[in-house]
Amino acid sequence: MSDGLIRAAHDVLIVGGGGAGLRAAIAIAETNPQLDVAVISKVYPMRSHTVSAEGGAAGVIADDDSIDEHIYDTISGSDWLGDQDAIEAFVNEAPRELLQLEHWGCPWSRQPNGHVAVRAFGGMKKKRTWFAADKTGFHMLHSLFQTTLKYREVTRHDEWFVTKLLVDDGRVHGVVAVDLFSGKIQAITAKSVVLCTGGCGKVFPFTTNANINTGDGMSLAYRAGAPLKDMEFVQYHPTGLPFTGILITEATRAEGGWLLNKDGYRYLQDYDLGKPTPTPELRSMELGPRDRLSQAFVHEVEKGRTADSPWGPIVHLDLRHLGADLIDTKLPFVRELCLKYERIDPVHELIPVRPVVHYMMGGVHTDIDGATPLAGLYAAGETACVSINGANRLGSNSLPECLVFGARAGRAAAEFATTAGPVPAAIEAQAADEVRRLERDLLGKDSEGESTSAIRDEMQATMEDAAGIYRTGPAIAKGLDTLRELQERIGKVGIADTSRSFNTELLAALELANMLDIGECMLQSALQREESRGAHQRTDFPDRDDQRFLTHQLVHRNDDGTPRVESLPVTITRWPPGERVYGR
Amino acid sequence: MPSNPGSNPGSNSGSIRLQVTRYRPESDSEPRFQEYDVPLRKEWTVLDGLNHVKNEVDTTLSFRWSCRMGICGSCGMNVNGDPKLTCAAFLDDYAPGPIRVEPLANFPVVRDLVVDINDFMEKLPRVKPWIIRDDDALLDGDGEIDGEYLQTPEELDAYKQFSMCINCMLCYAACPVYGLDPEFMGPAAIALAERYDLDSRDHGARERLDVLIEHEGVWGCTFVGECTRVCPNHVDPAGAIQRYKVKAAKENVMAFLLPRGAR
Amino acid sequence: MSRPRVEPLVWLMFSGGGVMAAVFLPVLVFMFAFAFPLEWISPPDHDHLSAVVGHPLTLLFLLGMFVVLLVHSAHRFRYTLYDGLQIKAKRTVAVLCYGTAAVGAITTVVVLLSAA
Amino acid sequence: MSTPRATEVRVYNRPMSTWWWTRRRTYFVFVMRELSSIFVAWFVGFLLAFVYSVGRSEAAYQDFLDWAATPWVVVINVIAAAFLALHVVTWFSLTPQAMDVRIGGQKAPAAAIIASQYVGLAVVSAFVLWLVTR
Ligand SMILES: Cc1cc2nc3c(=O)[nH]c(=O)nc-3n(C[C@H](O)[C@H](O)[C@H](O)COP(=O)(O)OP(=O)(O)OC[C@H]3O[C@@H](n4cnc5c(N)ncnc54)[C@H](O)[C@@H]3O)c2cc1C
Ligand code: SF4
Ligand code: F3S
Ligand code: FES
Chain D
65 MSDGLIRAAH
75 DVLIVGGGGA
85 GLRAAIAIAE
95 TNPQLDVAVI
105 SKVYPMRSHT
115 VSAEGGAAGV
125 IADDDSIDEH
135 IYDTISGSDW
145 LGDQDAIEAF
155 VNEAPRELLQ
165 LEHWGCPWSR
175 QPNGHVAVRA
185 FGGMKKKRTW
195 FAADKTGFHM
205 LHSLFQTTLK
215 YREVTRHDEW
225 FVTKLLVDDG
235 RVHGVVAVDL
245 FSGKIQAITA
255 KSVVLCTGGC
265 GKVFPFTTNA
275 NINTGDGMSL
285 AYRAGAPLKD
295 MEFVQYHPTG
305 LPFTGILITE
315 ATRAEGGWLL
325 NKDGYRYLQD
335 YDLGKPTPTP
345 ELRSMELGPR
355 DRLSQAFVHE
365 VEKGRTADSP
375 WGPIVHLDLR
385 HLGADLIDTK
395 LPFVRELCLK
405 YERIDPVHEL
415 IPVRPVVHYM
425 MGGVHTDIDG
435 ATPLAGLYAA
445 GETACVSING
455 ANRLGSNSLP
465 ECLVFGARAG
475 RAAAEFATTA
485 GPVPAAIEAQ
495 AADEVRRLER
505 DLLGKDSEGE
515 STSAIRDEMQ
525 ATMEDAAGIY
535 RTGPAIAKGL
545 DTLRELQERI
555 GKVGIADTSR
565 SFNTELLAAL
575 ELANMLDIGE
585 CMLQSALQRE
595 ESRGAHQRTD
605 FPDRDDQRFL
615 THQLVHRNDD
625 GTPRVESLPV
635 TITRWPPGER
645 VYGR
Chain H
2 MPSNPGSNPG
12 SNSGSIRLQV
22 TRYRPESDSE
32 PRFQEYDVPL
42 RKEWTVLDGL
52 NHVKNEVDTT
62 LSFRWSCRMG
72 ICGSCGMNVN
82 GDPKLTCAAF
92 LDDYAPGPIR
102 VEPLANFPVV
112 RDLVVDINDF
122 MEKLPRVKPW
132 IIRDDDALLD
142 GDGEIDGEYL
152 QTPEELDAYK
162 QFSMCINCML
172 CYAACPVYGL
182 DPEFMGPAAI
192 ALAERYDLDS
202 RDHGARERLD
212 VLIEHEGVWG
222 CTFVGECTRV
232 CPNHVDPAGA
242 IQRYKVKAAK
252 ENVMAFLLPR
262 GAR
Chain R
65 MSRPRVEPLV
75 WLMFSGGGVM
85 AAVFLPVLVF
95 MFAFAFPLEW
105 ISPPDHDHLS
115 AVVGHPLTLL
125 FLLGMFVVLL
135 VHSAHRFRYT
145 LYDGLQIKAK
155 RTVAVLCYGT
165 AAVGAITTVV
175 VLLSAA
Chain Z
5 MSTPRATEVR
15 VYNRPMSTWW
25 WTRRRTYFVF
35 VMRELSSIFV
45 AWFVGFLLAF
55 VYSVGRSEAA
65 YQDFLDWAAT
75 PWVVVINVIA
85 AAFLALHVVT
95 WFSLTPQAMD
105 VRIGGQKAPA
115 AAIIASQYVG
125 LAVVSAFVLW
135 LVTR
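Chains as they are written, first to last, in this note's numbering: chain D, 65 to 648; chain H, 2 to 264; chain R, 65 to 180; chain Z, 5 to 138.
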């Protein structure tokens, strides 16, 4: 192979070292130890955004709970858009995965008798959310990461940024990536590739997501010819801190927190979410699903019942009645975050909150084993859409989703790798092209171009206007026009940084290009879905329309780069579409 | 709704000067300082200031960050000489400035504010920071996991503190012994070893002790204690290390009193 | 761990010395460095002192204490030289420090025997 | 896990200044604490001289007392005692970190451990004082 072009050759390459990616890696190391597995990630694995998850991970374990109830909650939470076979598999395997993590050392919070404790969560009828105080994602990620350290055979390429999937003859053969440390651009080949690149909250201006959540994997897959699914469904979490967008976990409400408008009134009772009770009721009021709570906020704004802050309207989250003891044992991180970033103490003061973009229900279209339609390409975690989340994800379903489908995708990719042939020669030419593209189009240019941050700001503002909590056809169409202009402009972006090592300016430009693709897919799908379902609320089509839209929407990329939306039936097994009822 | 921090309103009371380390490996023979004035806003952290520079003033500045909520551990830098998470260090605490922002001390500088932490990444696996069991896992007939290892809240409490490490490397930047002797295993790695030793589910204490009792294990530490003082998560690596010394000493006395075979 | 090592033993003596220095030294220093010479307290007579000091138990105790105090000092000083002055000749420093402590320990034995 | 990394990049290793310990108050206190070792050794010598003189004769004992009252010895002793005090305070305050004392399953609070050491110091001091001056 030509000098320096191919960095390494593996059997399976996992892109992303978050919850899903690391779970996939271990699954392969355990089932197929003779395979050469590698994890490539643009940040050190323990920096992945899974680390920020606070509330918990759902899995049926309590005596009074049942698999069927978790399935039903997830299906109705998804507004019947989730695939029921996938949801069944997910709910069945989630407890085992969480136990596995327990065996790997995750410090789950416990009951006095030594069994793991579970807490309530939004949209769930039973207490089934496992938690490690309110740093669940952090503990899960570090347990996974530290466990992977014991598998010497797993290679890591830390701080490598993947820019392209190498595809030949309908099959994926690896990636091209930038080594941030040295700035070298090289190919890493593999017989199968698993995308575990996480979410894309950064498409929006105000999000709980970390800086790295730019949806790279979705864009990589999309450009390589794999379709994206259900991209119109973006979850707003009802309780983010104004200004920073830092998440205040739903666990605050599960432990008994109240949402109050500026008059101190528990306004959710006005939105068909049940009656206010002093102690939390499951699937009711503050424990309703996230889409409904975020929508209620918008109505409160319209009624003029929200308070003002320098960053727009807010409501209040009231934890004062929970007491310092409970807050310190079950929600210590929330207290820490409020003290640090809002300079208020939730033990004595109200927390200002507002809805904030949080989670991407859509993603790379996969089957129940994480396989995409593109041979050799797999996806899992937030970047994938299996789909179990449908039109609205229930809080605490995403972490176990990373585990269940991370493991499944890992095993499937390993299986594929054992049957796949050698890497074709054509791949090298492709890799060389990509290297040339990056060198010439980006690094080789002078600095007098468009500004990445300006385009990014415009994109984010556009997405918020066009694809916020409530949407309309004309606004979406207008947003699409703007995005197309921005896509033109990003072709002319300038990069002032001439250093190779840690050129974060280059990364920002690449990430922005990815986000523009994703934004376009979101808007195109949103435009086509002329109904309101879950997180997708069209004021011009306020009702759910099962007749026309009880379907997934797949976005394919046309040869000219434009998106094409096709529909795909939802898998319904035992639970026919019904009404979503909360608090009744 | 408003946009990201850079374009937000908010109380603006003048500006503050950042003195930022710049280093480009291709062209610079050593790091130098560059100054930037950034708006002094009550809710802005040092990281917000750097992002303002990156977005509006000088796009070539490089630094790591991600979660901006003190949990991913990537944004550590030396701020006025103290190792800090820049996403949790507020500008107005340093007013009127200037604020010196340097790459984390004791690590090689790769570029601007980015340091090379590969040394830690190589050390970490050596202390075996994973659950080690004598027995097989709890499995049912089909080889599937069957039930959890019980652990009471008190048993959880015993190691909880040491499980809070975010690998932010502030402790390494604060430890002069690590600065002088990079062979030293260092605070966070040892704290993580202690985390597993104290976990009631783990049986690997002896294996880890074998590693840490080596010369470059715990013995270099002279209990400066700065590691614990700078730790943003109250992990107390200094305590973990001293306890390892006690453990190692006990072991040694035992080995001395009861020669091999007797144990 | 099969092979007993020196580091833990030295550290154990260092710690023991630290405790002794913290718990016993202050009162001894108070009496013999200040209170008696400067006559804040009238010094006890020689007979009494030589009975107390010459007692085998006292001698044994003092021997143990002085030895660990010396190891404590040598150990700490050794690391102060490493860290504070960045002396790289580690082996030489160690030999000098512990060597001095060893000489001190022998002196201690001689002196204490002479007082018995 | 293994992590291949080519080191084509010229990383910059910042040298550590000889005076690093003057740059931070806590580092300075640390170095002073470590220097207390010299003065502990001094006191060992001083006390050995005392024991030696007592063992020799009453006159030698008196000579020792006179010598110990000479100004330069007093000055050294004052300095040494200050360092000893630093040792005592720092040693006691670090103990809780080095020892995990549990009472009935509960971790003993650091303040309690520190306080009990001072109680110990007082008891020992009183006993020794009584033994010597009785
Ligand atoms: C604040 C917050 C709180 C949450 N709380 C909960 C909760 O309580 N319960 C719950 O179930 N879910 C929660 N979620 C959702 C859940 O945390 C995420 O969906 C999940 O962690 C995603 O994991 P992942 O493995 O898919 O991706 P991530 O953890 O985001 O990992 C993505 C990985 O991909 C890598 N990567 C990305 N792009 C590239 C590229 N181009 N090249 C190389 N590598 C790349 C990154 O480096 C990273 O390692 C929360 C989310 C947020 C934002
Ligand atoms: S011990 Fe504390 S300071 Fe050190 S890496 Fe861990 S969290 Fe950071
Ligand atoms: S600062 Fe360093 S010397 Fe020991 S106590 Fe902490 S590791
Ligand atoms: S940005 Fe994650 S810890 Fe600061």
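Be a bit skeptical, because a hint or two may be false.
[Unchecked claim] Derived lysine-lysine pairs resembling PhoX-like cross-links, with alpha carbons at most 20 Å apart:
1. H:LYS161 / H:LYS129
2. D:LYS394 / H:LYS248
3. H:LYS161 / Z:LYS111
4. D:LYS394 / D:LYS191
5. D:LYS190 / D:LYS367
6. H:LYS248 / H:LYS129
7. D:LYS339 / D:LYS190
8. H:LYS124 / Z:LYS111
9. D:LYS326 / D:LYS367
10. D:LYS189 / D:LYS339
11. H:LYS43 / D:LYS214
12. D:LYS214 / H:LYS248
13. D:LYS404 / D:LYS394
14. H:LYS129 / D:LYS404
Simulated from the structure, these hints should not be mistaken for lab results.
Exercise. Tell me, which hint numbers fail for this structure?
Worked result: 2, 5, 8, 11, 12, 14
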